[in-house]
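Q: Sequence:
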Amino acid sequence: MRIVDLFSGAGGLTFGFYYNRENNTFVRNENCNIIFANEYDHAAAESFRINFPDINMINQDIKELTEEQVRALIGEEEVDLIIGGPPCQSYSTIGRRVYDDKAKLYNEYYRMLSIIRPRMFLFENVKGMLSMKDEKGNLVIDNIKNMFENINEELGYNIVYDTIDAVNYGVPQHRERVFIIGIRNDLDIEWDFNQLEVEPEQLTLEEAISDLPHIVSGENIHEYGEEQPENDYQRLMRGTNTELSAHFLAVYGDKIQTIMDNVIQGEGKDYINSLVDQGILEEQYRLTSGYKNTYGRLYANQPCTTITNNMSTPSGLRCIHYEQNRALTPREGARIQSFPDWFQFTGNKREIKTQIGNAVPPLLAMKFAEQLEEILG
1 MRIVDLFSGA GGLTFGFYYN RENNTFVRNE NCNIIFANEY DHAAAESFRI NFPDINMINQ
61 DIKELTEEQV RALIGEEEVD LIIGGPPCQS YSTIGRRVYD DKAKLYNEYY RMLSIIRPRM
121 FLFENVKGML SMKDEKGNLV IDNIKNMFEN INEELGYNIV YDTIDAVNYG VPQHRERVFI
181 IGIRNDLDIE WDFNQLEVEP EQLTLEEAIS DLPHIVSGEN IHEYGEEQPE NDYQRLMRGT
241 NTELSAHFLA VYGDKIQTIM DNVIQGEGKD YINSLVDQGI LEEQYRLTSG YKNTYGRLYA
301 NQPCTTITNN MSTPSGLRCI HYEQNRALTP REGARIQSFP DWFQFTGNKR EIKTQIGNAV
361 PPLLAMKFAE QLEEILG
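Count the sequence shown with my numbering and you get residues 1 to 377, in order.
No wet-lab data here; the hints were simulated from the structure.
The structure presented is a predicted model; accordingly, all values stated were derived computationally and were not measured.
The C-beta atom is built at its ideal place from N, Cα and C for all residues, glycine as well.
Just to be clear, a hint being listed does not mean it is correct.
[To be verified] No more than 25 Å apart at the CA atoms, straight line, and that leaves these computed lysine-lysine pairs for DSS-like:
id, residue 1, residue 2
1, 63, 133
2, 127, 292
3, 133, 145
4, 63, 136
5, 145, 127
6, 133, 255
7, 292, 255
8, 349, 255
[Unchecked claim] Derived DEER-like restraints, expressed as beta-carbon distance ranges:
id, residue 1, residue 2, range
9, 218, 282, 49 to 59 Å
10, 301, 218, 25 to 35 Å
11, 349, 61, 23 to 33 Å
12, 241, 200, 24 to 34 Å
13, 282, 193, 47 to 57 Å
14, 287, 21, 18 to 28 Å
15, 289, 230, 32 to 42 Å
16, 287, 219, 35 to 45 Å
17, 241, 282, 24 to 34 Å
18, 231, 342, 11 to 21 Å
19, 30, 218, 16 to 26 Å
20, 200, 266, 24 to 34 Å
Sequences and hints are given; from them, build the entire structure.
A: In structure tokens:
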């Protein structure tokens, strides 16, 4: 399969096509050839390059990619598949839903389709995309369908889409995302989301990260210590890796630390305020702003909630470790996203967390790769 990855980020989708899972280890999938990838963000592009050094990464604004440049990159042979989609924050249901320039990046996706003319494409975005409207009040999803079905007189794509929760496909978190599949209308190909292989059991947060070393405020840990992997998922994530990266925490102030010390599993802001009401905590610890899940502690025996770039921010949505009095580290976030421990993220701390939070979970991407490889060969 000849593949192009657009808006690639650090490479979550590419990972699922680049590797197969065999005997509980990741091995190179020689049937998938990622011709080039495009990513505007420099730090994410560098992460991609480090992890996939043999793939041609074009680190520039997709709007500046010329037709001549793209044709030179793909060559004469047909491209089977484009993977990727515009940045998910643009359609997010978290915060104001604004039809901005970023949201219009799907126009660039459309332009790439008209140049590359792949047999199929796989486009991922957040659930908010389904209710997002443009400045005229039209649903963005309808605009996309109409555009892609009639690119020009000779080219169009039949569109199918569904909301997929990664937790059903071997990823230890609830993460609902919209996946759009486009099939070039001159091909006799059908896609059924029900053909994706569902895992028999859901992984819990504890099963995903319990072997990672204990850490406290302000630390940056590079060694596993004495803890050994306890299950197949942890063994898969470690592989032959010996040195940890991105297992760090910010320094918390006394107020935030006290709140984390007192919140219990499954509870958050309202629980802390109840402790204030009972006189167990002083009035200074009352939380007057934020969502219900603010300062929320995660359950050990359930899948994690959705990993975002706020995974290490206790005042954000639920992200406090089920046992330790702290938020999740970026490495734990990467584990929960199903990135193996040897996958490297570059950039500053904010950029690293953004790369992890925005990614398509590699194990979910792998499920799509298996089906698409069967269809496209």
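Q: Is 24 to 34 Å a correct range for the gap between the Cβ atoms of residue 241 and residue 282?
A: violated (44 Å)
Q: Does 16 to 26 Å hold as the CB distance between residue 30 and residue 218, or does it fail?
A: Roughly 44 Å apart at Cβ, these two residues miss the hinted range, so it is violated.
Q: Look at the Cβ atoms of residue 349 and residue 61 and judge whether their distance stays inside 23 to 33 Å.
A: holds (25 Å)
Q: With respect to the beta-carbon atoms only, verify the hint that residue 301 and residue 218 lie 25 to 35 Å apart.
A: Roughly 29 Å apart at Cβ, these two residues keep to the hinted range, so it holds.
Q: Under the criterion that the straight-line Cα-Cα distance not exceed 25 Å, is the pair residue 133, residue 145 satisfied?
A: holds (14 Å)
Q: Given the hinted pair residue 145 and residue 127, is their alpha-carbon gap at most 25 Å?
A: holds (16 Å)
Q: Is residue 127 close enough to residue 292, meaning Cα to Cα at most 25 Å?
A: Between residue 127 and residue 292 the Cα gap is close to 20 Å, so the pair holds against 25 Å.
Q: For the pair residue 231 and residue 342, does the Cβ-Cβ distance stay inside 11 to 21 Å?
A: At roughly 18 Å between Cβ atoms, residue 342 and residue 231 fall inside 11 to 21 Å, so the hint holds.
Q: Within 18 to 28 Å or not, the Cβ separation of residue 287 and residue 21?
A: violated (42 Å)
Q: Is the Cα-Cα distance between residue 63 and residue 133 25 Å or less?
A: Distance ~22 Å between residue 63 and residue 133 Cα, so the pair holds.
Q: Between the alpha carbons of residue 63 and residue 136, is the straight-line distance 25 Å or under?
A: holds (23 Å)
Q: At the C-beta level, are residue 218 and residue 282 separated by a distance inside 49 to 59 Å?
A: At roughly 24 Å between Cβ atoms, residue 282 and residue 218 fall outside 49 to 59 Å, so the hint is violated.
Hint compliance for this structure: hints 6, 9, 14, 16, 17, 19 are not met, and every other hint is.
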